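Participant: Below, each chain spelled out in residue letters.
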Amino acid sequence: MLNVNKIRADFKILNKKDGAIPVYLDSACMSLKPNSVVEAMNDYYFNFPACAGRSAHRLGDKATKKVKEAREFVAKFINAKSEDEIIFTRNTTEGINLLANSLGFVKGDVVLISDKEHNSNLVPWLLLRDKVGIVVKIIPSNTDGTFNLDNFSKLINGAKLVSIVHTSNLDGVTNPAKEIIKIAHKNGVLVCLDAAQSIPHRKIDVQDLDVDFLAFSGHKMLGPTGTGVFYGKSELLEKLSPFLVGGDTVEFSTYDSYKMLEVPEKFEAGLQNYAGIIGLGEAVKYLSQFDFNDIREHELKLNTYITEELKKILNIKIIGPENPADRSGIVNFYMEGTDMHKFVIMLDEMADIEIRSGQHCVHSWFADKKIYNSARVSLYLYNTIEEAEAFITNLKKIIEIL
Amino acid sequence: MPCLIALIVFGIMGIFSASHRALAKEAFDCIFRRVTFRPCNTGFQDKIKGKILSKIINRSTFLAKMGNKHYEVLSWIFFILMVGSTLWVLRGGYNFYVYGSCNGLNESGFCAFDPKGENNKTTAVGDSTCGITQNEVKSVALNGVDLSDFPMRKTESENTVIFIGCYDCDYSRKAYPDIQRLVEKKQANYIFAHYPAKGDTTYLGEAGYAVREIYGDDAFWKLNDYLFTADENYILDKANLNTILASFNLDVKKVNDLANSAEAQTAVENQIKELNKTNLYGTPTIFINGKPFVGPKPYRVYNSAINRFIFF
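If you're matching them up, the sequences are chains A and B in order.
Residue numbering for the first sequence follows this note's numbering, beginning at 1 and increasing consecutively.
Residue numbering for the second sequence follows this note's numbering, beginning at 1 and increasing consecutively.
Derived from the structure by calculation, the hints contain no laboratory data.
Only a predicted model underlies this, so the values are computations on that prediction, with no experimental measurement involved.
One or more hints might be untrue.
[Said to hold, decoys possible] Residues from chain A that face chain B, not an exhaustive set, calculated with beta carbons under 8 Å:
#: 1; residue: D339
#: 2; residue: M346
#: 3; residue: M350
#: 4; residue: D352
Glycine is no exception: its CB is placed at the ideal position from the N, C-alpha and C atoms.
Build out the structure end to end from the sequences listed, making use of the hints.
Facilitator: See below:
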C-alpha cells in the first residue's frame, strides 16, 4: 500500500509554504516532478555541464557516465535485453516518427492503428499515407472503448505494422497488448506500442510482452519535459535506417562517405538533452521503488470514488468502460451540449483544482462521435482521497449553478 | 457580443494593468476571428464567465446561479454602467481642466482631483466665512453693472478681465498673481474692484480711491499691487497705512484727507453697490469676458477661458 503522505513530501509543489497547494488532477498530460529529479538535473547543470560521449575530460566523463546510468535504469525498468535497445528521444511522438521514417515503408504497406489513437500515433501514419502511399487501417473498438480482438484479427492479415496505444489517454483503457502482439507475430506483423500513458502506471516488461517497438515520454512518468524513449529489439533496430543524422551518429566521415555508429547512437543525432536524460533516469529510479500493483490499487480507489459520485450526477457521461478498474487513473467525462472548458476554469479559480478539458489530442475520436469536448481527471500516486472529494464537491457546486 | 464588450472594458482597464491588457488582446483575437468568419476558438467567453462565476460561487451559490442565467444581460448592464461612468469621468476630467472643478464652472461638489475644493474656496460676502460656499452660480453676472468708476487698464484687446477681490481675503491674494500674469500675457483690458468681504478693509478701498484721484491710475496700480503682495498682517494694520503711502512718495496728508472725506466714502459705497448687482457671493470673483470664475482657479483655467479651449 502506498504511503501517499510520504510520497507527497517528495514533491516541492505539494508542500508549498506560500500560496495554495494545487489539487493536481492532470497527470495524464504532465506528471509532477519529485525533488530528486529536479536536483539531478540541477546537479548536471551546476557540476558537470559537459558533452557526454565525446569529450575526454573529467566533466565529459561524468556526463557520459550519468547518461549511461540513465540508459541502464530505463533498460532495467522495462526489462530490455540490452541498454543498446534504448534510444533517447524528445517524447513519444518523436519515437513513433522515428519508426515511421525508418522502417522503410513503401507504397501499399499496411499499418493498423486503433480508433482511439493520440495524434502522435495517427498523424505520422496519415502523413506517410500521403507521402508514400501506405494504407492506414483503423481497428474499431467496442462501444465501451475496449479493444475488439475480433476486429483486429480480421484486419491483421497482410499488415506490415500494428502501431497501437497501450493505455488510452482518452478513456484509460489498457489494450490487451500481449494478445495483440501474439496475433500480430503469428501473422508476421511487427508491433509498436505507444506506452506514454501505461508506463507511469503499470509494469511493462518488453521481453514478456515480446513487443517489437515501444515509445514513451518522460514527462508523464515523473521525468522532465522533452525526454522520451524509443525501445526496439536489437535485431530490428539494426535494420532500421535512421532518418535524423548528423553529429554523434557517425563513426567517421569523408567528403563523400560516412560510417554510421551502432545503435543506439546512430538514432540519437545531435547534442542530446543530457540534463533531461539524467532527470529521466532519476525519475525511473524514483518510480522503481514502488510496486505498480500498489499504484494501480491506489488509483483505482480514487477512480472508484470519483466514478461513483459522477454517476449520481444527471447528464454526466463517462467516456469508456463503466468499471473504473478498466480505466487506469483516468475519468474522462462530458455533458452533452456543454463546453467543458468552463468546468476546468471554474475548478481552477474556485479551489485550485487542475483538470484538463478539450479533445486531449484525440480529435479523430471526438469528430467521429460528434462530441464537442470533455473534461478529464487523471490520477497518480501523489493524489489523495481528499483531493478527489474536493473535486467532486466543487464540481457539484458548478453543476448546480449552470 | 460579450467579446466586444470585453474588448472595450479590458482595453480601458489595460491602460493601467498588464494582466487586463492580455485579456484585451484575447478579446480582440476573438472578435477578429468572428469578423473574418472564423469561430472564436479561444474559449475566451467561457474563460471570463468562469472566472467571474468562480468568484461569486464561493460566496453565494444563488447569486452565481443568477449570474450564470442572466450573464449576457448583466454584461450589458455593467457595460452600459461602465461606459456611462467612463464618460462621466471624462467629463469630470474635462471640467477640472477647464473650470478647476469636476462638476463644472464654480460647482463646489466633491471632485477627486481637488478633494479639498481649493479651487472653489472664497471669502463669503456677508458673513466673511472662509471656505467653500455654494450659491446659485448662474445668477452671478455683469448684467446692468456700471464699471466705469473702477480702476481700469485699457488695451486694444478684445478680452476683458475683471478682478473683484479683497485685500484681506486669502483666496483673492492667491488668485491675484495669476490674474496679473494673465492680463500681462494676454494684454487684456483689466478692471479691478476692491470688495471688503473680510475684516475692516474699507479704509484701504478709500485710500486707493484717493490715490487714484490725486495721482492717477499708475500710482493706484502700484499701491494695489503692493497691498496684494506684501505681508498681509502688515498691510491690514491700519497704523501702517501712512508708512505705506509714504513709501510710495505720496503726500500722506493729502491722501488721508481725501480718503476720509464724504466724497471717497460715497464713491466706495457706490462701487460696492454696483458690485452687489453682480450677485457675487464671495471673493475672489473674476469675470473673464463676462464669464464668472468664483474662487482661486489654477492659471490654466483663466488661460483656457481666454483661449476659448472650451466648446460647450
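Participant: Confirm or reject each hint.
Facilitator: Hints and how they fare:
1. D339: 6 Å, holds
2. M346: Constraint on M346 (chain A) satisfied, holds at 4 Å.
3. M350: Cβ of M350 (chain A) sits 5 Å from chain B, so the hint holds.
4. D352: This interface hint is violated because 11 Å lies over the 8 Å limit.
Figure legend: structure checked against the earlier numbered hints; the only hint not met is number 4.
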